[in-house]
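If you're matching them up, the sequences are chains X and G in order.
Position one of the first sequence corresponds to residue 1 (our numbering), numbered consecutively onward.
Position one of the second sequence corresponds to residue 1 (our numbering), numbered consecutively onward.
Since the hints were derived computationally from the structure, they do not count as laboratory data.
Even for Gly, the Cβ is constructed at its ideal location relative to N, Cα and C.
It is possible that part of the hints are untrue.
[Said to hold, decoys possible] Computed Cβ-Cβ distance ranges for the label pairs, DEER-style:
hint : chain 1 : residue 1 : chain 2 : residue 2 : range
1    : G       : Pro130    : X       : Glu33     : 33 to 43 Å
2    : G       : Thr7      : X       : Glu33     : 23 to 33 Å
3    : G       : Val33     : X       : Arg26     : 26 to 36 Å
4    : X       : Glu33     : G       : Pro158    : 51 to 61 Å
[To be verified] Far from chain G, by Cβ distances over 10 Å, these chain X residues were calculated:
hint : residue
5    : Arg16
6    : Gly36
7    : Asp37
Residues per chain, in single letters:
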Amino acid sequence: MSEAKTPAPLTETQLRERFLAVPFARYLGIDLELRGDELTLVMPYREELIGNIMLPALHGGTLGALLELAAVATVSVKQRQAHLPKTIDITIDYLRSGRPVATFARARLTRLGRRIASVHAEAWQHERADPIAALNGHFLLTQSDT
Amino acid sequence: MSETPPTPPSAAQVVQMMVAATPYARALGFEVVSVGEGRATMKTPYRKDVIGDPETGVIAGGVITALLDHVCGAAVMAALAERQSIATLDLRIDYMRGAEPGRDILAEAHCYKLTRSVAFVRAVAYEDGPDNPVANAAGAFMIASLGDRKMGANLKPPQ
Chain X
1 MSEAKTPAPL TETQLRERFL AVPFARYLGI DLELRGDELT LVMPYREELI GNIMLPALHG
61 GTLGALLELA AVATVSVKQR QAHLPKTIDI TIDYLRSGRP VATFARARLT RLGRRIASVH
121 AEAWQHERAD PIAALNGHFL LTQSDT
Chain G
1 MSETPPTPPS AAQVVQMMVA ATPYARALGF EVVSVGEGRA TMKTPYRKDV IGDPETGVIA
61 GGVITALLDH VCGAAVMAAL AERQSIATLD LRIDYMRGAE PGRDILAEAH CYKLTRSVAF
121 VRAVAYEDGP DNPVANAAGA FMIASLGDRK MGANLKPPQ
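Please take these sequences and the hints and turn them into a complete structure.
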């Protein structure tokens, strides 16, 4: 019986391996960058991500997916677990239309409990201080891990 | 037919055109199942490249988010008397359970209230029927969202 130890922080390589094993993250072309405990996701622009061809603007579903992935990946960084938590609910606010350029996303844990994490995430393009979409969500933490 | 003046497209035709003209909906393979007054049902096919959990093969939540967003927009289109630009203001999604691996997901939406500026919509996603949902959604959409913005307005960086 070994004593419970605090797991070591995840490295960027470990996180990228786990994350890029998710086919849909690869499909969206998302990459990540971990600096200290701050995680940034990047979704490069590609024509397939367009939802409105007139403006043109990114599909809301692409921003929702990016924000949700930023939230779950940030939870796993804080939890020091490679397992991704399960989404319980999310609310996405669309603040302005997404331009046909790269989009970035970061998430912040409002609360990390034993079973539930409350997360706020924001996506931006040209300026970090001027988000184009935001997410609030609750995520069920995975308990068992090696 | 070429002699008669063109009749305005039906709600079903508008929704079909909307899916056909949306690159992301086409890329994910969304199909229109049915369209009614303020109602729409769509399907997204199960595909290996949209899996969210490689261990179980469950489809990614982000695909269901996109389907629910899109079908809600379609229900708003089907509720509008004339064609107008719309944009999602907010969307709340409750995930009741993981989708069954290997199965297509359907989503049906109802635009239950339409005001001059905002449309309110509810939607549910499932494999077999709405009594066993994968996810529920509630959304609000802006109507005439383009305002005075012109075509290609987003090609310029923000001022």
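Hints, verified against the model:
1. G/Pro130 with X/Glu33: 33 to 43 Å: Given about 41 Å between the Cβ atoms, the range holds.
2. G/Thr7 with X/Glu33: 23 to 33 Å: violated, 54 Å
3. G/Val33 with X/Arg26: 26 to 36 Å: holds, 28 Å
4. X/Glu33 with G/Pro158: 51 to 61 Å: The hint (51 to 61 Å, Cβ to Cβ) is violated, given that X/Glu33 and G/Pro158 are roughly 23 Å apart.
5. Arg16: holds, 14 Å
6. Gly36: holds, 27 Å
7. Asp37: holds, 24 Å
Of the hints listed earlier, those the structure fails to meet are numbers 2, 4, in rising order.
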